[in-house]
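> Given the structure of chain A, go ahead and fit chain B onto it with the hints provided.
Chains A and B, in that order, give the protein sequences.
Heads up, the first sequence stops at 360 in our numbering, and the numbers go up one at a time, no gaps.
Heads up, the second sequence stops at 731 in our numbering, and the numbers go up one at a time, no gaps.
Be aware that one or more of the hints could be misleading.
Claimed, not checked - List time: in silico DSSO-like cross-link candidates among lysine-lysine, alpha-carbon distance up to 27 angstroms:
| id | chain 1 | residue 1 | chain 2 | residue 2 |
| --- | --- | --- | --- | --- |
| 1 | A | Lys328 | B | Lys663 |
| 2 | A | Lys337 | A | Lys262 |
| 3 | B | Lys406 | A | Lys337 |
| 4 | A | Lys335 | A | Lys255 |
| 5 | B | Lys480 | A | Lys87 |
| 6 | B | Lys669 | A | Lys4 |
Think of the hints as simulated: they come from the structure by calculation, not from any bench.
Given the structure is predicted, the values throughout are model-derived calculations rather than measurements.
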Amino acid sequence: MKAKNFLVLLISMSLLSGCMQHTSVEENAIIQMAGYDKGENKRIRGTMLIPQYGSSESKSATSEVYLTANGDGVKEVEKEIQKQSSKPISIGKLSVTLYSKELAEGGISDIIDILSRDPRMSRNMYLGIVDGEAIDLIESQYPQEDTTYKQLEDLIKNNARFNFPMTNLHDFLYSYYAQGMDAFLPLITKKEANVELSGLAFFKGGTVVSTIPDSNVFTYKMLNENFKRGMQNIPYKDGTIMLDNIGSSVEYELKNGLGEPKFDIRVNIKAEVNEMVGVDREANPSLMKELEEVSVEFFETNANELIQMFKEKEIDPLGLGNFAKTRKRDFDLTKWKDNYSDLKVNVKVNVEITEYGIFS
Amino acid sequence: MNRLNSTPGWNIPINYLITPMYVLFLIHSMQIGVGILGFEKYLVEKAGYDAWISLLIAGGFMHIILWMIYRFLQNGGGDIVQIHKNVFGKYIGWFLSLVFSLYFLLLTFNVIITFTEVIKVWVFPDLQVWIFLFFLLALVYYLVSGGVRVITGICLISVFIGLPLFLLKYFPVQAGHSMNVSPMISHSVTDILAATKQSVLSFLGFEFLLIFYPFIKEPAKSKKWAHFAVFYTTMIYLISLLVTFVYFNEKQLKQVVWGTISTWKIVELPFIERFEYIGIAMWLYVILPNICLGLWGATKIPKRVFNIKQKYVLIVFLLVIFFPAAMIDGRSVINMVNNFSSQAGFYVLLYIPVLLVLKTISDKVRKRREG
Numbered sequence: 001m002k003a004k005n006f007l008v009l010l011i012s013m014s015l016l017s018g019c020m021q022h023t024s025v026e027e028n029a030i031i032q033m034a035g036y037d038k039g040e041n042k043r044i045r046g047t048m049l050i051p052q053y054g055s056s057e058s059k060s061a062t063s064e065v066y067l068t069a070n071g072d073g074v075k076e077v078e079k080e081i082q083k084q085s086s087k088p089i090s091i092g093k094l095s096v097t098l099y100s101k102e103l104a105e106g107g108i109s110d111i112i113d114i115l116s117r118d119p120r121m122s123r124n125m126y127l128g129i130v131d132g133e134a135i136d137l138i139e140s141q142y143p144q145e146d147t148t149y150k151q152l153e154d155l156i157k158n159n160a161r162f163n164f165p166m167t168n169l170h171d172f173l174y175s176y177y178a179q180g181m182d183a184f185l186p187l188i189t190k191k192e193a194n195v196e197l198s199g200l201a202f203f204k205g206g207t208v209v210s211t212i213p214d215s216n217v218f219t220y221k222m223l224n225e226n227f228k229r230g231m232q233n234i235p236y237k238d239g240t241i242m243l244d245n246i247g248s249s250v251e252y253e254l255k256n257g258l259g260e261p262k263f264d265i266r267v268n269i270k271a272e273v274n275e276m277v278g279v280d281r282e283a284n285p286s287l288m289k290e291l292e293e294v295s296v297e298f299f300e301t302n303a304n305e306l307i308q309m310f311k312e313k314e315i316d317p318l319g320l321g322n323f324a325k326t327r328k329r330d331f332d333l334t335k336w337k338d339n340y341s342d343l344k345v346n347v348k349v350n351v352e353i354t355e356y357g358i359f360s
Numbered sequence: 361m362n363r364l365n366s367t368p369g370w371n372i373p374i375n376y377l378i379t380p381m382y383v384l385f386l387i388h389s390m391q392i393g394v395g396i397l398g399f400e401k402y403l404v405e406k407a408g409y410d411a412w413i414s415l416l417i418a419g420g421f422m423h424i425i426l427w428m429i430y431r432f433l434q435n436g437g438g439d440i441v442q443i444h445k446n447v448f449g450k451y452i453g454w455f456l457s458l459v460f461s462l463y464f465l466l467l468t469f470n471v472i473i474t475f476t477e478v479i480k481v482w483v484f485p486d487l488q489v490w491i492f493l494f495f496l497l498a499l500v501y502y503l504v505s506g507g508v509r510v511i512t513g514i515c516l517i518s519v520f521i522g523l524p525l526f527l528l529k530y531f532p533v534q535a536g537h538s539m540n541v542s543p544m545i546s547h548s549v550t551d552i553l554a555a556t557k558q559s560v561l562s563f564l565g566f567e568f569l570l571i572f573y574p575f576i577k578e579p580a581k582s583k584k585w586a587h588f589a590v591f592y593t594t595m596i597y598l599i600s601l602l603v604t605f606v607y608f609n610e611k612q613l614k615q616v617v618w619g620t621i622s623t624w625k626i627v628e629l630p631f632i633e634r635f636e637y638i639g640i641a642m643w644l645y646v647i648l649p650n651i652c653l654g655l656w657g658a659t660k661i662p663k664r665v666f667n668i669k670q671k672y673v674l675i676v677f678l679l680v681i682f683f684p685a686a687m688i689d690g691r692s693v694i695n696m697v698n699n700f701s702s703q704a705g706f707y708v709l710l711y712i713p714v715l716l717v718l719k720t721i722s723d724k725v726r727k728r729r730e731g
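Isolated chain A (complex conformation) (with noise of 0.2 angstroms):
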């Protein structure tokens, strides 16, 4: 008798949690893609980008509806931006965020702090840095997507698979709170009818201090991650050829007997080259070797260039000192920071080029 009772309970628990208040999709103001300027007087100014689920039944009529408000902090964004809004907003499906860099070379860390702290945003959200203003960015229509968030997330999601690094927003608060790490975010510039993007903005803890443009991120990922694919155009005389990267490693090897600490990066890149612009031999086996040679001169002029750089701005974005981190038991990271200009990285790449197509 006892055991029915409970039975009756637990059937109406689980019927009655039916009665739940709850929205529906078209119901809600489901926030796809938000982007960060700067405002007046030290504010900022979030827009928000809404999707429209219309109750039309035809597939194409997904419009967009864009929010803008200003406001000291994001939360204070979202406050004011729901004062706009006629139906609850919702940020918990948020996949892309940018911020301008105007915005960022002021410091964004407010903002970052929030990102790790909120529960509802997700990991696999992506970030990128704007040049230009992210609300023009928004609140343009481009032709390969319907909707301008599908556009951006693919955009960098695809891209991550080619020549530039994966960023998501897990990897942004890695290499943030990391010690001796700095992070860095793909910068994206609109063009008249396309947005693309330009290159790399690095951080200073949550200042944006650097970019680089896309010409020079292929090298950056190579220093930074094993990958497998990208492109890379290498100046050969008076043409250019083409590099398709097929495999490349990386390695680290710090050399510290007891001295000051040095480090070896490693770089094996494997690669097939299609086309030669205004190179006027026939590919063969000697002319691929030549190439190796200028690629690998190409390679490390870069490499070593961009680590000069990153020692100017004081800036650790491949994560040497994290590295150095775990091989050193008496790791000080003041005394790191201090001596970083000095470190000695020497970059070693070796380039194979192992096919040059179905026709020599």
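Coordinates of chain B only, in the frame set by chain A:
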């Protein structure tokens, strides 16, 4: 059939007994609870990324304590109440047993409020705590009044429901940096031992053996299962700890309040955007045996001491938990209860060797007197 059943007051019918193997589930599911959701932070604060050594030391320490428990239970003639009575006499024995009862109640209370906080922070900030608690405790009442066998069943189910969650460690490991753990042993021995003390608290829960021991069918055979349970718990804690080590860096992990839940955030499945909601919901089944066994242990002792019906004690204790738990709010109070119950647990663990020594002496004295 077994000796215990012939001692007065312990005529437990065979259909209430549990087979030795289930001790594995009882102990293991009691040890895994809310602690594992956020224990990493406290260990890392003490010993940095060497804390995994501390965890292993603590695991070894637990085996010793477990051995001690079995040692005095085997010839103690019953449970902790009986032993206390034999060693300290009637009134002091009663008092100490009731302290144990309160300690079990405190553990249960701690689990409940910590888990409600997790729900409030991660899923429903506007949760009406008392409604949730009402249904939860109603379920607990039903299960606890079902007796040891029902609780054992819940433990078994909870272990199997918890298992798939460990497969999800794949996602954070994939996004992780495996270099983080090195260099090994870069902290001083005192740091590592401080973290050992901290990690001992993760293993609290097997003290319930002191209460449910008489319900094991052939207690001697359960020994290996109990040790296996502690070993298994150690491994699960170790894996969880190492996964958060590779997923976060040290400075980050010191600031992450719930390390394990935070690693669920990276899980991306095609049908679910945010896995931590599912994880937390499933975790209710993992903590359910904690609450059930905790309350059962807490109510069993007054029953044994005062010979009153367990049901009445259960209702009183449920009310004792319900009202404060429904009213408590805010992390500072909950942290205070957490710390207090950890301290209490630590002293209970220290008490076990003392009790073993006292019992050995009292047995010797008694033998001499009789001889």
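> Each hint should be assessed against the structure and marked as holding or not.
Each hint, compared with the structure:
| no. | hint | in the structure |
| --- | --- | --- |
| 1 | A:Lys328 with B:Lys663 | violated (59 angstroms) |
| 2 | A:Lys337 with A:Lys262 | holds (14 angstroms) |
| 3 | B:Lys406 with A:Lys337 | holds (25 angstroms) |
| 4 | A:Lys335 with A:Lys255 | holds (17 angstroms) |
| 5 | B:Lys480 with A:Lys87 | holds (23 angstroms) |
| 6 | B:Lys669 with A:Lys4 | holds (23 angstroms) |
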